[in-house]
Amino acid sequence: MGMLLNSFGTFGDTPLPGASGIDADTVLMLKMNGADASTTFTDSSDSAHTMTAVGSAQIDTAQSKFDGASGLFGGSGDYLSTAISADFAFASGDFCIDAQVRLSTFGAYHIIIGCGYTSNWMWQLQTDGNLKLWIAGGSGLTFIHGMTTDAWHHICVARLSGVIYGYVDGVYKASNSYASSIGGSLALYVGNDPQVSGAYAGHIDELRVSKGAARIDDSADLLYCGGTPTNGFTPPSKPYTDER
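Numbering (the working numbering), first residue to last: 100 to 343.
These aren't lab readings, by the way, just hints derived from the structure by calculation.
Please note that a few of the clues may not be correct.
[What the hints assert, rightly or not] Here are the computed lysine to any residue pairs in the SDA-like style, where the Cα-Cα straight-line distance is at most 20 Å:
id	residue 1	residue 2
1	K337	D193
2	K337	G269
3	K337	A319
[Claimed, not checked] Simulated DEER-style distance windows between Cβ atoms:
id	residue 1	residue 2	range
4	D166	N219	32 to 38 Å
5	R343	S137	24 to 30 Å
6	P293	A134	21 to 27 Å
7	A278	A207	38 to 44 Å
8	D249	G326	34 to 40 Å
9	T327	S119	37 to 43 Å
10	S203	G167	17 to 23 Å
11	K337	A123	16 to 22 Å
Everything numeric in this text was worked out from a predicted model, so none of it was measured.
Cβ atoms here follow ideal geometry from the backbone N, Cα and C, with glycine treated the same way.
Please work from the sequences and hints to get the whole structure.
This is the structure:
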């Protein structure tokens, strides 16, 4: 089902000064900010999805990539969820999912974000030592990520003109042609598939989902690849800001 590639590109052009990252194409923006141990997770996108914290999912100020806080997921029934929304049905268009992640362990079904659960999922971005994007009824993208535990890494999966590209820390890793429709008719989960025993263990920061924009082709975005997706990009060195 998956496609394994391990191709490395060079870093591309840096984005234009003032690149914001939060715009009309942003359908989910979880900056994971707040008071320590808070269970309030705010979606800073126009959609303002209501996020429900389950288990011990909480804000943690002991670890962060930006802004002094991140989301902590303990790996055992800790996750965020939000209701079904057309925002997460990508159809055949461009999209981008990116985040800053810091894993405590690697294991099966360590889901960073996914629409649906177990045999009823539409798509899932997960890690089990490799990073994988699974698409229901279609193809998958699997690539060797080179991440280590207890360290922050930026991950990105983007579809541009029918091709899905994967990056870790801005380095191009793999691509897979997939122009078919990707559905989103189920609830969205962050940090776990609620019907399996495995779950994400670690921290997540700056989780963004974009619909209708691949980001890697946009010079006004921090993920700009300089016009060639395989160039890769310089990983974001600052949090996404809202300049709408």
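Checked hints:
1. For the suggested pair K337 and D193, the alpha carbons sit about 24 Å apart, so the restraint of at most 20 Å is broken.
2. Restraint check for K337 and G269: satisfied, since their Cα atoms lie roughly 14 Å apart, inside the 20 Å limit.
3. As the CA atoms of K337 and A319 are separated by approximately 14 Å, the hinted pair is consistent with the 20 Å bound.
4. Checking the proposed 32 to 38 Å range against D166 and N219 shows it holds: the Cβ atoms sit about 35 Å from each other.
5. The hinted range of 24 to 30 Å is satisfied by R343 and S137, whose Cβ atoms lie roughly 25 Å apart.
6. Taking 21 to 27 Å as the suggested C-beta distance range, the pair P293 and A134 conforms, at roughly 26 Å.
7. Under the hint 38 to 44 Å, the C-beta atoms of A278 and A207, about 29 Å apart, miss the expected range.
8. Taking the beta carbon of each, D249 and G326 are about 35 Å apart, inside 34 to 40 Å as hinted.
9. Between T327 and S119, the C-beta spacing of about 23 Å breaks the proposed range 37 to 43 Å.
10. The hint said 17 to 23 Å for the Cβ distance between S203 and G167, and at roughly 20 Å that hint holds.
11. Range check, K337 to A123: about 21 Å between beta-carbon atoms, so the 16 to 22 Å window is met.
Going through the hint list in order, the structure does not satisfy hints 1, 7, 9.
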